[in-house]
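Peer 1: Based on the provided sequences and hints, a complete structural model is requested.
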Amino acid sequence: MLRVIKPGFFTSLQDIGRFSYRDKGVPVSGVMDTHAIATINTLLENCKNASVLEMTMIGAVLEFKEKTYMCLAGASISATLNEKPIKNNKVYQVDAGAILSCGKLTKGVRAYLGVKNGFTAPKVLGSVSYYKPITVNASLKKEDSIPYEVCDSFKIKSQDKYTSSYLEEIVLDVHKGPEYDMLLDKQLEALFFKDFSIAKENNRMAYQLNEKIEGHEVSMLTSATLPGTVQFTPSGKLIVLMKDGQTTGGYPRILQLTDRSIAVLSQKKFREKISFRLV
Amino acid sequence: MRPYSIIIKPFGERAILIEWQQRVEETILDDILQFSEYLKNNYLAADDWELITAYNSLTIINRKELIKQEEFSLLVKKWYSEKEKIVLNDKFLWRLPVCYDVDFGIDLLHVSNVLGISILEIIALHTQNVYTVYGIGFLPGFMYLGGLPKTLEITRKETPRLKVSKGAVGLAGKQTGIYPQESPGGWNIIGNCPIPIFDVTKESPCFVSVGDKIKFYEISKARYDLHTIESEVGIYKIEKQKINA
Chain A
50 MLRVIKPGFF TSLQDIGRFS YRDKGVPVSG VMDTHAIATI NTLLENCKNA
100 SVLEMTMIGA VLEFKEKTYM CLAGASISAT LNEKPIKNNK VYQVDAGAIL
150 SCGKLTKGVR AYLGVKNGFT APKVLGSVSY YKPITVNASL KKEDSIPYEV
200 CDSFKIKSQD KYTSSYLEEI VLDVHKGPEY DMLLDKQLEA LFFKDFSIAK
250 ENNRMAYQLN EKIEGHEVSM LTSATLPGTV QFTPSGKLIV LMKDGQTTGG
300 YPRILQLTDR SIAVLSQKKF REKISFRLV
Chain E
51 MRPYSIIIKP FGERAILIEW QQRVEETILD DILQFSEYLK NNYLAADDWE
101 LITAYNSLTI INRKELIKQE EFSLLVKKWY SEKEKIVLND KFLWRLPVCY
151 DVDFGIDLLH VSNVLGISIL EIIALHTQNV YTVYGIGFLP GFMYLGGLPK
201 TLEITRKETP RLKVSKGAVG LAGKQTGIYP QESPGGWNII GNCPIPIFDV
251 TKESPCFVSV GDKIKFYEIS KARYDLHTIE SEVGIYKIEK QKINA
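Chains as they are written, first to last, in our numbering: chain A, 50 to 328; chain E, 51 to 295.
Read the hints as simulated data drawn from the structure, not as lab findings. Treat the hints with care, since some could be wrong.
Cβ pair distances, simulated, as ranges [stated by the list, open to error]:
id	chain 1	residue 1	chain 2	residue 2	range
1	E	E289	A	K116	49 to 57 Å
2	E	R113	A	K116	29 to 37 Å
3	E	V283	A	K139	47 to 55 Å
4	A	T212	E	D98	27 to 35 Å
5	E	S123	A	L327	13 to 21 Å
Chain A is nowhere near these chain E residues, computed Cβ spacing over 12 Å in every case [as the list claims (entries may be wrong)]:
id	residue
6	T77
7	Y88
8	D153
9	H160
10	A272
11	N294
Where a beta carbon is used, it is the ideal one built from N, C-alpha and C, also for glycine.
Peer 2: Listed below in structure tokens is the structure:
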């Protein structure tokens with residue numbers, strides 16, 4: 050059991066997502082940064098879908114009630130395990146009663162904590178990922194406890210090749226979206242030759258961008274959207290749907306981010322810059 | 051011979067979009083649902099694939115692997131050309147109770163003023179038609195319903211409400227629908243349905259599927275309270291009727 054002493058700013062349990070209910074309007078959810086969960090589950094030799102804690106902006110303070118092995122990844126975070134500083138992308142053995150204290154995130158906005166074999170919280174519609182109202186809560190509260198299995202022997206392998214250099218990337222690789230062809234030369238130029246900055250409105254549902262491009266009057270019937278879909282509103286605003294994003298929408302879908310670009314974008318905060326590159 | 055020409059478009063690394071003509075038409079929706087059913091039964095296993103139908107489109111998403119767009123697009127074309135007319139899974143007409151009391155229908159007066167018809171006429175019109183579910187999205191269990199009488203078409207509210215109650219029944223443009231959960235929203239609220247549209251505790255959490263039909267009927271406040279309790283304890287039986295031949 051992991052006891053939540055302080056939940057941080059917004060911490061939730063996530064796996065790789067809640068699939069197969071999109072036709073009923075249920076968002077996929079799951080970790081925003083798939084690069085981070087892959088790193089953690091590779092280092093801990095977990096299955097790909099083992100769940101992790103996603104900590105946003107400010108990390109949590111947590112007590113491990115049983116022995117296990119843990120790993121942090123994603124955003125750079127100042128963290129201590131029993132008051133000793135620890136690093137991202139490294140596996141640490143933890144004893145029962147150990148306190149993990151995570152502070153501010155210094156680079157990126159989402160840090161992840163994984164334990165050996167993942168957390169064993171009950172699944173709702175096939176996933177542990179928090180998404181209200183599919184799950185009762187949207188985020189962890191003080192004194193919540195999250196179950197995991199005891200593990201007292203695990204051989205830690207070489208961990209040297211894991212870095213967080215993707216946090217520095219600002220170029221998002223994109224594919225053409227279904228309505229890409231509606232774009233005029235002027236709009237294309239603005240889209241690919243200028244930088245955009247992240248708007249205040251950025252969360253697990255969507256990232257809005259501050260800079261508008263020239264608007265349009267195209268109307269279409271509501272159709273499916275995906276995490277990473279870039280919606281183009283009539284006023285010229287760009288909205289990038291993220292993991293908790295709605296499953297359908299009526300705005301033209303002009304670009305589609307690659308999985309990797311979604312992870313890169315999910316680590317950006319208000320005012321930070323990004324640009325698009327067609328692949 | 052297929053009755054429709056379809057357009058296939060890549061949609062990122064792991065999805066493909068198939069579009070029929072940009073029209074809200076039941077024969078188009080049926081063709082899409084038949085094709086979707088055919089694919090699920092023959093080629094696209096549920097473990098790997100998700101298929102989402104909305105109005106005039108079918109989106110196919112692979113959960114596990116990236117799609118080779120050109121190859122897959124050719125396959126989809128072939129599958130569409132070979133598809134036979136298949137019998138669809140059962141489709142249902144769901145009869146849902148709505149209480150149009152002004153306590154719930156907080157915009158009834160506004161709608162009545164704008165459209166120049168009485169509240170009684172609004173209720174009569176709203177309960178008279180059978181609506182088709184053209185899509186489910188926006189929120190878990192939110193149905194996009196087609197078939198609203200023209201007289202009830204009204205623009206959405208200029209400023210959306212921060213909170214619309216769970217079960218609220220609204221009007222906006224050519225659409226009517228039910229908010230399956232509390233949410234912000236800009237629709238004109240004319241009533242409330244006491245039956246939960248989405249219930250995570252059930253194995254299939256949403257009883258409605260795209261292609262189903264909905265008919266509303268008016269209930270009193272007393273009956274609303276009764277159905278609310280019946281739903282909570284799990285003894286309310288939703289009225290349904292098979293509709294496919």
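Peer 1: Now look at each hint and say whether the structure bears it out.
Peer 2: Verification of the hints:
Hint check: E289/E to K116/A, Cβ distance near 55 Å, so the stated range 49 to 57 Å holds. Taken as a hint, the range 29 to 37 Å holds for the pair R113/E and K116/A, whose Cβ atoms sit roughly 34 Å apart. In this structure the supplied range 47 to 55 Å holds for V283/E paired with K139/A, their Cβ-Cβ distance being about 52 Å. For T212/A and D98/E, the hinted distance range of 27 to 35 Å is satisfied, since their beta carbons lie about 32 Å from each other.
About 19 Å separates the C-beta atoms of S123/E and L327/A, a value consistent with the hinted range of 13 to 21 Å. Annotated as non-interface, T77/E keeps its C-beta farther than 12 Å from every C-beta of chain A; the closest such distance is 15 Å. Remark: the non-interface label on Y88/E is consistent with the geometry, its nearest Cβ contact in chain A lying 16 Å away (cut-off 12 Å). Taking the minimum C-beta to C-beta distance to chain A, about 23 Å, the non-interface status of D153/E holds against the 12 Å cut.
At the 12 Å boundary, the C-beta of H160/E stays outside the reach of chain A, the nearest C-beta of that chain being 24 Å off. With 12 Å as the threshold on Cβ separation, the claim that A272/E sits away from chain A holds: the shortest Cβ distance comes to roughly 28 Å. Consistency note on N294/E: stated as away from chain A, and its beta-carbon is indeed over 12 Å from all of that chain's, at 18 Å minimum.
Checked against the numbered hints listed earlier, the structure breaks none of them; every hint is satisfied.
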